[in-house]
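A.B. asks: What follows is the residue order along each chain.
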Amino acid sequence: MYDHNVRRRRAVLGGLVALSLVFLTAYFGESANGPLRSVQRGFLEVFAPIQEGASRALKPFSDLTGWVGDTVNAKGERDKLVKERDQLRAQATKADFLTRQNRELQSLLNLDSGAGLKPSKPVTARVIARSPTVWYATITVDKGSSSGVKVDQPVVGPGGLAGTVSEVAGGASKITLITDSTSGVSAKVALTGVTGLVKTAVGEPDNLVMDFVSKTDKVKPGQRVVTAGSRSSRLESLFPAGIPIGVVRKVDPGELDVSQRVHIRPYADVRKLDFVQILTKPNTAPELTAQAP
Amino acid sequence: MAIRLWVLGVVAVIVQLAAVSQITLLGVTADLTPLVVMSVGLLAGSIPGACMGFGMGLFVDMALVQDLGVNSLIGVGVGYGAGRLRELRDPAHTLIPIAVGAAATAVWTIGFSLMQFLLGVDAPVSFLLAREIVATVIVNAVLALPVYALVRRVVLPYLPEDPRRRRRRAYTTGGLSPISRA
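Protein chains in written order, with numbering that gives the first Met the number 0: chain A, 0 to 292; chain B, 0 to 181.
Treat the hints loosely; a few may be bogus.
[As the list claims (entries may be wrong)] Sample of chain A residues lacking proximity to chain B, with all beta carbon distances greater than 10 Å (derived):
1) S19
2) N32
3) Q39
4) E76
5) A89
6) A94
7) D95
8) L107
9) G158
10) T191
11) P220
12) L237
13) K271
14) K280
[To be verified] With the Cβ distance kept under 10 Å, some of the chain B side facing chain A (calculated, not the full set):
15) S45
16) N70
17) M114
No lab work stands behind these hints: they were computed from the structure. Idealized CB from N, CA, C, for every residue including glycine.
Could you build all of it, start to finish, from the sequences and the hints given here?
C.D. replies: Structure representation (structure tokens):
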């Protein structure tokens with residue numbers, strides 16, 4: 000009985016394998032119009048409608064499964080894209096930062112050569128902290144007394160005057176910006192030599208005001224304002240003459256009707272300072288030639 | 000039983016071609032054919048397994064207008080192997096279909112690739128092919144258990160002898176029961 004079963008099993012296996020090989024050999028041996036291919040085509044003719052019907056009947060199922068698969072794939076795709084977006088955002092942020100840094104350093108360099116700040120021994124410092132208030136009054140930089148920085152030295156930013164040193168530590172300094180309410184800079188209109196005192200319009204860092212300008216003086220919007228400087232031994236100005244401050248935006252009649260208020264848009268954007276230059280030898284320079292950026 | 004197996008094979012191939020092959024999982028489509036053949040082999044033995052493999056393989060070759068005999072030859076091997084496993088080892092563990100299903104799929108897909116290669120068809124022997132084979136094996140391993148359960152449900156009433164039923168019967172009717180021995 001066992002032998003019979005074994006023989007039967009082997010015979011079936013051998014027969015099926017042989018049949019498969021016969022099919023295979025015959026199929027490869029025959030022409031395109033051979034009997035096996037004809038049978039295959041006939042089978043396809045018969046089977047196609049069944050397959051079509053089954054496909055229609057099973058479509059909701061395959062759609063549902065496909066929808067689940069698509070959802071899973073979409074989720075994975077979304078995660079991948081979110082990751083990619085974050086990477087690109089980080090790269091873009093870094094690029095923006097570097098671009099701005101580059102622009103500021105370029106401006107400082109231009110200011111050095113253009114306005115002739117080199118004799119004032121400018122020390123370039125990086126802004127490491129800034130006042131969190133809306134007034135933008137002070138910033139902290141990473142250069143201090145070890146770099147030759149002293150209190151009251153003038154500070155220039157990209158484009159023009161930024162403020163003065165108000166506190167000095169070994170490796171850091173606090174800068175009081177020209178937009179601080181305590182700041183006051185003697186200034187003059189570069190073209191006409193009209194002088195006045197530039198102060199801030201509190202809380203408006205884009206708006207400086209030059210007071211004590213006589214009503215008879217001709218000041219027009221678009222004219223450039225620079226530091227006046229003073230070489231008087233009695234009252235020496237903190238700032239060398241000729242450092243660009245800003246451009247006249249508009250002119251208002253003064254409160255007492257004997258003077259006028261000149262509104263100035265500062266060249267240095269004190270809200271976006273990343274680098275500044277501290278003029279460590281401000282009064283050794285000859286009068287600077289104002290060259291607006 | 001032969002009719003049931005024939006109907007099962009036809010329905011399985013139709014479902015495979017009409018629905019399952021349109022669903023992509025892990026970048027590949029599941030292949031029910033090796034799973035059904037494996038299940039029949041595991042449940043019914045080597046001869047029904049080999050016959051089922053041959054029949055389903057031939058059906059697939061016919062329906063897809065492929066080289067006739069390739070799938071049937073591989074199907075014979077897979078069905079016979081699964082059947083012999085049942086006859087020699089009588090596996091009863093619940094998870095056996097997963098392992099056997101994965102093995103059957105691996106044999107089927109690798110065998111098909113080798114056959115194509117031997118027949119001179121431009122089979123892309125590449126990392127992509129290997130990845131597809133592995134992914135298909137994984138997907139089929141996941142599907143093996145439900146397919147086995149379904150086939151078992153269809154085939155079981157017509158089987159002359161089921162390993163589990165046989166074992167259960169042995170324990171409840173004396174003979175091999177440890178209680179009766181004591």
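A.B. asks: Would you mind marking each hint as holding or not holding in the structure?
C.D. replies: Taking the hints in turn, this is what the structure says about them:
no.	hint	in the structure
1	S19	4 Å, violated
2	N32	14 Å, holds
3	Q39	5 Å, violated
4	E76	13 Å, holds
5	A89	30 Å, holds
6	A94	35 Å, holds
7	D95	38 Å, holds
8	L107	55 Å, holds
9	G158	57 Å, holds
10	T191	77 Å, holds
11	P220	67 Å, holds
12	L237	72 Å, holds
13	K271	49 Å, holds
14	K280	68 Å, holds
15	S45	6 Å, holds
16	N70	9 Å, holds
17	M114	9 Å, holds
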